[in-house]
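Asks: Listed below, chain by chain, are the residues.
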Amino acid sequence: MKILVVDDSKAMRMIVIRTLKQTGLANFQTIEANNGAEALTVIADQKPDLVLSDWNMPEMKGIELLKKLREAGNTIRFGFITSESSPEVRKEAEDAGAAFLVTKPFTSNSFEAALSPLLA
Amino acid sequence: MSEKTLPSLDNVLKLMQCLLGEGVQAKTAVSGPDLSKPFVLASYVNDSNDVRRVLACDLGLANSLGAAFSMIPAGVANESTKTGNVPDNIRVNLYEVLNVCVNLFSEQSKERLSLSDLKVCPAGTPSPALTETARYTVQIPRYSGGAMLAGSL
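Chains as they are written, first to last, in the working numbering: chain A, 3 to 122; chain B, 278 to 430.
It is possible that some hints are incorrect.
What the simulated footprint calls covered on chain A by chain B, stretch by stretch (three residues with Cβ under 8 Å from a Cβ of chain B suffice, anywhere in the stretch; the number is not a length) [said to hold, decoys possible]:
(1) 4 to 17
(2) 87 to 98
(3) 106 to 112
Simulated from the structure, these hints should not be mistaken for lab results.
Predicted model only: the values in this text are computed from it and were never measured.
Ideal Cβ placement from N, Cα and C applies to all residues, glycine included.
Could you put together the complete structure from these sequences and hints?
Replies: The following block contains the structure:
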């Protein structure tokens with residue numbers, strides 16, 4: 003499984019990947035993008051199986067990335083990992099086709115809870 | 278001090294441990310950061326762009342948080358604190374830590390809040406006028422740590 007991690011913070015991408023490794027998830031590789039615009043290119047080129055994206059990023063926000071993917075007919079599995087936690091943001095994510103929203107800070111348990119339905 | 282709008286010690290500890298590891302320790306404190314010396318001020322605004330909450334960290338804690346987040350050596354953080362600044366490579370990571378810290382306030386706030394600004398305030402900067410405050414010390418293994426103040430306006 004190929005997982006794309008999208009976050010404008012290099013350190014946060016590193017922590018997301020480290021936390022993924024702490025889950026029971028096996029046989030995955032990670033690729034990275036710095037923002038939504040870069041992620042669109044990476045998705046087209048490398049066709050990941052899952053996108054884990056921040057919400058607020060320069061160039062293109064995570065929600066814009068998701069909407070562009072769905073508008074283009076791309077049904078890739080997509081989840082948000084973000085400091086946003088309001089009900090409005092959760093609804094917007096869900097309405098746009100996100101499978102889950104994990105709030106920062108996160109733990110390997112919160113990752114497992116979000117990912118396990120997708121990977122069953 | 279009020280428990281109504283400001284984070285509990287338990288929430289501060291959990292958040293810091295999630296971000297920086299299980300070894301982080303946090304305690305409530307009487308004095309908090311010395312705001313007559315240089316400090317870092319993070320401002321959190323509502324959707325109308327009104328500042329509603331702040332976090333103030335002394336430079337020791339600010340440099341420790343930013344450095345520990347991406348494993349920048351403690352010596353770099355300590356040297357920056359001695360010289361009274363927060364270098365760019367630490368500041369970008371400190372911003373991310375303090376951005377996540379918005380969730381310290383989210384439970385208690387009816388408004389959606391977001392980090393709007395992070396300033397390094399020189400000595401002599403007037404302290405923000407706060408209606409409620411809570412003070413903590415945060416210790417991070419291998420880093421100096423320091424004091425933090427949460428406030429509401």
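Asks: Of the numbered hints stated previously, which ones are contradicted by the structure, given in increasing order?
Replies: Nothing - there is no hint that the structure violates, so all of them hold.
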